[in-house]
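Q: What follows is each chain in one-letter form.
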Amino acid sequence: MPFVRSESVKEKPVGTELSLYVGEHRSIHVLNPTARFIWESLRDPLTFDELLFVMGEAFTIDAATLQLDLRETLDRFVALGVLHSMPDVDAHAEA
Amino acid sequence: MRTLRLEYPKLSVTVSVPDDMAASFERNFAHALSVSLPTTAHLHFDVRPQIDGVSVLRNGLLSGTFPNATEVMFAIEEDLEFALIERLDGWIGFHAGAVTLGDVAIVTLGHPDTGKTTTTLQLAELGLPMLCEEVTPVDPDTRLVHSFPHPLTLARGYGEAFAARYPVTRGDLSFYGADMARYAPHAVRVQPAQLGVMLFPAYNPSSTPAIERLSPADVIPDVFGYCFTPTRGDEHLYDSVIRVVEQCRLFRLHTCSIESARTLLIQLIADLSAPPM
Chain A
1 MPFVRSESVK EKPVGTELSL YVGEHRSIHV LNPTARFIWE SLRDPLTFDE LLFVMGEAFT
61 IDAATLQLDL RETLDRFVAL GVLHSMPDVD AHAEA
Chain B
1001 MRTLRLEYPK LSVTVSVPDD MAASFERNFA HALSVSLPTT AHLHFDVRPQ IDGVSVLRNG
1061 LLSGTFPNAT EVMFAIEEDL EFALIERLDG WIGFHAGAVT LGDVAIVTLG HPDTGKTTTT
1121 LQLAELGLPM LCEEVTPVDP DTRLVHSFPH PLTLARGYGE AFAARYPVTR GDLSFYGADM
1181 ARYAPHAVRV QPAQLGVMLF PAYNPSSTPA IERLSPADVI PDVFGYCFTP TRGDEHLYDS
1241 VIRVVEQCRL FRLHTCSIES ARTLLIQLIA DLSAPPM
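Residue numbers (my numbering), protein chains in the order written: chain A, 1 to 95; chain B, 1001 to 1277.
Wrong hints could be hidden among the right ones.
[To be verified] Per label pair, the in silico range of CB-to-CB distance:
id, chain 1, residue 1, chain 2, residue 2, range
1, A, Leu80, B, Ser1206, 26 to 34 Å
2, B, Leu1033, A, Gly15, 23 to 31 Å
3, A, Glu7, B, Ser1207, 37 to 45 Å
4, B, Lys1010, A, Asp62, 54 to 62 Å
5, B, Val1168, A, Arg43, 53 to 61 Å
Keep in mind that the hints were calculated from the coordinates and are not lab data.
Glycine included, each C-beta is placed from N, C-alpha and C at the ideal position.
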């Protein structure tokens, strides 16, 4: 089930960091390094396993911690309206 | 009847009041009173005494009846805040207070009950002219903070506690009913001043007093939340807030008492006044 960036999200740098504006929720979030890596990796939709592989290449963290970080970040992104998973996209398209 | 003319950024107002109420209205709106030749007002308030109170017509339509002239002034103040917010267009409207140190505007932002208004009061009592209360309008292209200087409204308990500790010398502190105090500063800056400092008070009775330097990334999500809903859309506001915040020095004030807040603010003013190293 690929994760996709929400269309209402805009990004802007804040100093050396990256912020996201989520139009749906009228909110701004500044990303930590892990969240930023995941956001930038999702220029194209990727599944959890694909993201895990990409992160494994970039970070020297044990697999269990990496998996936990990724799951937490994705859950948070979805809750904040930053991302959604592909079935949501299909549902929106049908609507 | 007397007609008072009030000038705010992007907002011209006339208020017609009975002669016996005119003096108190002039005092309350002293720093916005204008003697310039009348032009078209965006808003006109007509204050009329009634048997059961005082009614207010807003652009010819009854907006409310109040028990006394004081309540009318408070209601008009609130109405003016909304009217200004509606007219901000591409400007940012911070829910904040502001004072000036030299030509630099210091804006105090925060959620309710974190010490926003009390910080503004303390800064005014430390000699910094007030610039804005409640609504702080900022032009993001110039970073100029425009004056919106109404009296401060704060909890009566705080006003009494402050006055018991320090002589109130740079403004008039008065009390209304069981809960409310108002502080009208003597010194107000009516010319715009460039935004240079943002303060974020954090009152916690069990905290250790400290001034914490912050980065734009630390505060941008919160600052966005302290903005009034813009007329030109959120994306413009998002861009504007980042541009403005990145140019400011940002500080969180961890305070635990009236005294600790005063000590930190004296230290902060000294630091900000010192020439750059």
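Q: Indicate whether the distance between the beta carbons of A:Leu80 and B:Ser1206 respects the range 26 to 34 Å.
A: At roughly 31 Å between Cβ atoms, B:Ser1206 and A:Leu80 fall inside 26 to 34 Å, so the hint holds.
Q: At the C-beta level, are B:Val1168 and A:Arg43 separated by a distance inside 53 to 61 Å?
A: Holds, since B:Val1168 and A:Arg43 (Cβ atoms, about 59 Å apart) stay within the stated range.
Q: When you take the CB atoms of A:Glu7 and B:Ser1207, is the distance between them in 37 to 45 Å?
A: holds, 42 Å
Q: For B:Lys1010 and A:Asp62, compare the CB-CB distance with the range 54 to 62 Å and indicate the outcome.
A: holds, 58 Å
Q: In this structure, is the beta-carbon distance linking B:Leu1033 and A:Gly15 contained in 23 to 31 Å?
A: With a Cβ separation near 43 Å, B:Leu1033 and A:Gly15 fall outside 23 to 31 Å, so the hint is violated.
When each numbered hint is compared with the structure, a violation occurs for hint 2 only.
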